[in-house]
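S.K.: Sequence:
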Amino acid sequence: MRPTRECGLVELLDKILDKGVVLNADVIISVAGVPLVGVSLRAALAGIETMLDYGIMEAWDQSIREHYSKELAKRKA
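Number 825 marks the last residue of the sequence shown (this note's numbering); no jumps.
Check each hint, because a few of them may be wrong.
[To be verified] Below are the DMTMM-like pairs computed for lysine to aspartate or glutamate, each with C-alpha atoms no more than 25 Å apart in a straight line: (1) Lys767 <-> Glu806; (2) Lys763 <-> Glu797; (3) Lys767 <-> Glu797.
[What the hints assert, rightly or not] The following label-pair restraints were derived from C-beta to C-beta distances: (4) Asp809 <-> Ala780: 39 to 49 Å; (5) Glu759 <-> Ala792: 13 to 23 Å; (6) Leu765 <-> Ala821: 23 to 33 Å; (7) Val785 <-> Lys824: 14 to 24 Å; (8) Leu800 <-> Lys824: 19 to 29 Å; (9) Leu789 <-> Leu765: 12 to 22 Å; (10) Ile804 <-> Arg753: 24 to 34 Å; (11) Leu789 <-> Asp809: 15 to 25 Å; (12) Ala773 <-> Glu797: 34 to 44 Å; (13) Ala807 <-> Ser778: 23 to 33 Å; (14) Ile776 <-> Ile804: 20 to 30 Å; (15) Ser778 <-> Gln810: 38 to 48 Å; (16) Gly781 <-> Val758: 45 to 55 Å.
By construction, these hints were calculated from the structure, which means they are not laboratory data.
We put the CB at the ideal spot given by N, CA and C, even for glycine.
Generate coordinates for the entire structure from the input sequences, incorporating the hints supplied.
M.R.: Listed below in structure tokens is the structure:
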């Protein structure tokens, strides 16, 4: 059976950045049935436009834009 379409790394990365991916992981380390350490991890991977559409990182985006606006104003002066 041959694939009907070839999907390269570029297409996969483009799709991930366009739609976004969220990874959730819970890890519990225990010894002799006694939980010692619990870690909950959450990671989001998406393009900045996708994150802004979902309301993620709006404050960061605004602060970066203000910072670079000030830097450009300093260079022009």
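S.K.: Identify every previously stated hint that the structure contradicts and give their numbers, smallest first.
M.R.: Hints 7, 12 and 13 are the ones this structure does not satisfy, whereas the remaining hints hold.
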